[in-house]
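Those protein sequence lines, which keep their order, are chains A and B.
The first sequence begins at 1 in my numbering and counts up by one.
The second sequence begins at 1 in my numbering and counts up by one.
Please keep in mind that the hints were generated in silico from the structure rather than gathered at the bench.
Ideal Cβ positions, reconstructed from N, Cα and C, are used throughout, including at glycine.
A couple of the hints might just be wrong.
[Said to hold, decoys possible] Using C-beta positions, here's what the derived DEER-type ranges look like:
hint : chain 1 : residue 1 : chain 2 : residue 2 : range
1    : A       : Pro-144   : B       : Met-9     : 35 to 45 Å
2    : A       : Val-279   : B       : Phe-119   : 23 to 33 Å
3    : B       : Gly-121   : A       : Glu-187   : 44 to 54 Å
4    : B       : Gly-121   : A       : Ile-80    : 37 to 47 Å
5    : A       : Phe-56    : B       : Phe-56    : 50 to 60 Å
6    : B       : Ile-134   : A       : Glu-260   : 21 to 31 Å
7    : B       : Ile-208   : A       : Leu-138   : 43 to 53 Å
8    : B       : Phe-56    : A       : Arg-64    : 35 to 45 Å
[As the list claims (entries may be wrong)] When the alpha-carbon atoms are kept at most 16 Å apart in a straight line, the in silico EDC-like pairs for lysine to aspartate or glutamate are as follows:
hint : chain 1 : residue 1 : chain 2 : residue 2
9    : B       : Lys-74    : B       : Asp-47
10   : B       : Lys-118   : B       : Asp-69
11   : A       : Lys-130   : A       : Asp-154
12   : B       : Lys-251   : A       : Glu-129
13   : B       : Lys-116   : B       : Glu-185
14   : A       : Lys-130   : B       : Glu-239
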Amino acid sequence: MKRFRTTPLWAPWFFMGPFLFVFLTFTTYPLFQSMFLAAHQTFGPEHSAFIGWDNFRFLLSDPRFWKAFKNTLYFVSGSICIQLPLALALAMLLNRPNLKGRALFRLIFFAPSLIGMVFVAMIFRLMFEKRTGLINVLLHSVFPSFNLEFPWLDTYLMPALILASLWMHAGFYMVFFLAALQNVSQEQIEAASIDGAGPWQRFRHIILPAIAPVASFICLLSIIGSFQLFELPYILLNNTGGPQDRALTIVMYLYETGFEIGDLGYASAIGWVLALLLVGLATIQRTLSKKEEQ
Amino acid sequence: MNSNKQLQMNQRTVAQIWLTVIYFFLILFSVITLIPFVWMFSAALKDNVDFFSSLFLPTGDGFLGIAWDRLTLKHFHKLFTEKGIGQAVLNSVFLASSTSVLATICSAMGGYALSKYKFTGRAFITTMVLSALIIPGPLLLAPGYQLLYNLGLLNSYAGLILPHLAPAFGVFLFRQTMLNSVPNESLESARMDGAGEIRIFFTMVIPIIRPMIGAYLIITFLASWNNFIAPQIVLQSPEKFPLAVAINNLKGVYAEDYGMLMAGTVVSVAPMLILFLLMQKEFIAGLTSGAVKG
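Put together the whole structure using the sequences plus the hints.
Dropping the structure here:
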């Protein structure tokens with residue numbers, strides 16, 4: 001008589017099966033295929049010609065790619081430098097003990113991130129209009145010197161994108177910060193303030209170290225997301241990169257080359273540059289957070 | 001002793017003032033967050049004549065100074081009778097629910113296999129899933145499109161649903177959850193009692209991780225509802241379009257009809273807001289659990 005029944009051999013594969021089948025077909029295989037494609041010039045999905053490293057060579061001297069790269073970098077840095085501090089500030093305000101209505105505030109701040117980028121773009125497209133758009137009208141009524149004709153969707157496209165994304169994402173990241181802050185020990189903060197530590201010192205020496213792992217994860221999440229910006233400018237600008245490609249992003253350029261021009265090869269090359277960039281950033285984040293732990 | 005009391009009083013007053021300042025900022029940010037929603041809903045409800053003459057609801061002699069009788073549902077009526085937006089709503093509901101249910105089952109099963117069974121290849125698959133987390137979606141657009149073309153799945157819902165059934169993120173999330181919350185001992189004792197592997201999974205494991213299942217269902221439902229780029233690339237016939245794509249096309253036809261555009265956006269956004277209001281606790285808990293605990 002067997003005393004312990006071991007698990008049957010088929011069991012893990014039964015549970016792994018559906019995932020593995022789909023994952024290998026629709027993630028692993030396309031990943032390798034994209035390397036192959038990146039070495040080809042294609043005309044739609046059927047015709048292609050091998051061109052070796054030419055896509056990458058061309059990419060490095062392609063002014064439109066660099067324009068897209070610069071715009072994306074601008075958006076990423078704008079998002080990180082404004083969105084994340086604001087998200088943290090909101091979370092700290094909400095984390096104050098004996099604050100009433102915390103759940104309601106959290107609900108309100110989080111609500112915009114439920115709306116897809118497409119729909120956010122639809123709303124902001126009308127709100128950014130000159131003269132009639134809500135944003136110019138409100139700014140003008142608060143600051144009478146503000147020009148009603150302020151050209152958000154023309155000259156100031158990148159700030160407009162950063163603003164729309166701020167509205168959408170600040171509450172999203174706030175929720176993560178809030179969850180992290182709730183794990184910071186309240187006694188430690190009180191002890192420090194009895195010892196005479198001011199608000200800034202308490203923040204710098206107790207709160208910040210305690211939320212550092214989550215903060216660096218949120219940072220990475222926000223960078224990865226911002227680097228893939230597509231729908232917001234695409235819809236805001238009627239499926240173009242805007243005047244003089246002012247809001248052309250890397251993924252918009254990828255989409256345009258792959259699905260409007262039909263060169264899946266060049267699109268894959270752009271995709272690989274994006275992927276390598278993100279892998280590099282993730283590696284930096286991992287080494288930094290490992291150093292922090294030691 | 002008097003001064004001691006005074007100090008306490010002072011501290012209380014300072015705390016009170018701080019709390020007031022905090023409330024002020026929280027309310028200010030809440031108003032800023034809510035304005036675009038209010039603006040969208042009011043734009044959807046008013047005639048295009050009133051669109052430019054009033055910022056939010058048209059003013060008049062009615063209750064609260066609003067001309068209630070000038071509000072209209074004609075944009076919604078037109079959307080559903082002439083533009084067939086009802087079809088797009090049904091498409092979105094079908095796509096989002098089938099994708100989220102199937103992706104959740106695949107991910108939960110995969111996560112169970114990776115966390116609770118020992119088998120050859122487990123370490124390899126785990127590494128593969130972890131590395132896939134960093135692959136940016138846009139990299140797979142071009143090869144994914146080519147694959148769907150070769151499989152004859154373009155312009156079909158299968159081509160849209162299948163690739164989303166094996167999200168590395170989902171398997172990773174369920175693996176973490178089960179490592180932490182499903183005790184090995186109870187699985188062992190259920191096996192000793194003669195329960196089959198599949199029965200153990202459905203009658204023991206699923207109930208334990210129910211909160212995670214609920215959260216993940218909502219996350220994937222939202223992601224699928226708001227997805228634009230995949231249906232935009234895969235689908236060609238307008239009668240198959242989900243809301244995200246249909247609304248963007250509406251923009252081409254009704255560029256100047258702001259009421260129509262906002263009514264379409266309300267139809268797309270409101271269901272998500274309602275869904276979230278009903279299930280916000282599970283949703284936020286699930287969203288942050290991976291980041292904060294893991």
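Do the hints match the structure? See the list:
Separated by about 43 Å at the C-beta atoms, Pro-144 (chain A) and Met-9 (chain B) satisfy the suggested range of 35 to 45 Å. Restraint check, Val-279 (chain A) to Phe-119 (chain B): a C-beta distance of roughly 29 Å satisfies the suggested window 23 to 33 Å. For Gly-121 (chain B) and Glu-187 (chain A), the Cβ-Cβ distance of about 47 Å falls inside the hinted range of 44 to 54 Å, so the restraint holds. Taking 37 to 47 Å as the suggested C-beta distance range, the pair Gly-121 (chain B) and Ile-80 (chain A) conforms, at roughly 39 Å.
In this structure the supplied range 50 to 60 Å holds for Phe-56 (chain A) paired with Phe-56 (chain B), their Cβ-Cβ distance being about 52 Å. Between Ile-134 (chain B) and Glu-260 (chain A) the CB atoms are about 28 Å apart, so this pair conforms to the stated range of 21 to 31 Å. The given range of 43 to 53 Å is respected by Ile-208 (chain B) and Leu-138 (chain A), whose C-beta atoms sit roughly 50 Å from each other. Look at Phe-56 (chain B) against Arg-64 (chain A): about 41 Å separates their beta carbons, and that is inside 35 to 45 Å.
The hinted pair formed by Lys-74 (chain B) and Asp-47 (chain B) meets the criterion: a straight-line CA distance of about 8 Å does not exceed 16 Å. Among the hinted pairs, Lys-118 (chain B) with Asp-69 (chain B) is inconsistent with the structure: their alpha-carbon atoms are about 68 Å apart, more than 16 Å. With a CA separation close to 10 Å, the supplied pair Lys-130 (chain A) and Asp-154 (chain A) stays within the 16 Å bound. For a cut-off of 16 Å, the pair hint linking Lys-251 (chain B) to Glu-129 (chain A) stands: about 15 Å separates their Cα positions.
Proposed proximity of Lys-116 (chain B) and Glu-185 (chain B) is supported: the alpha carbons are some 11 Å apart, at most 16 Å. Simply put, Lys-130 (chain A) and Glu-239 (chain B) have alpha-carbon atoms about 35 Å apart, too far for the 16 Å limit, and the pair is violated.
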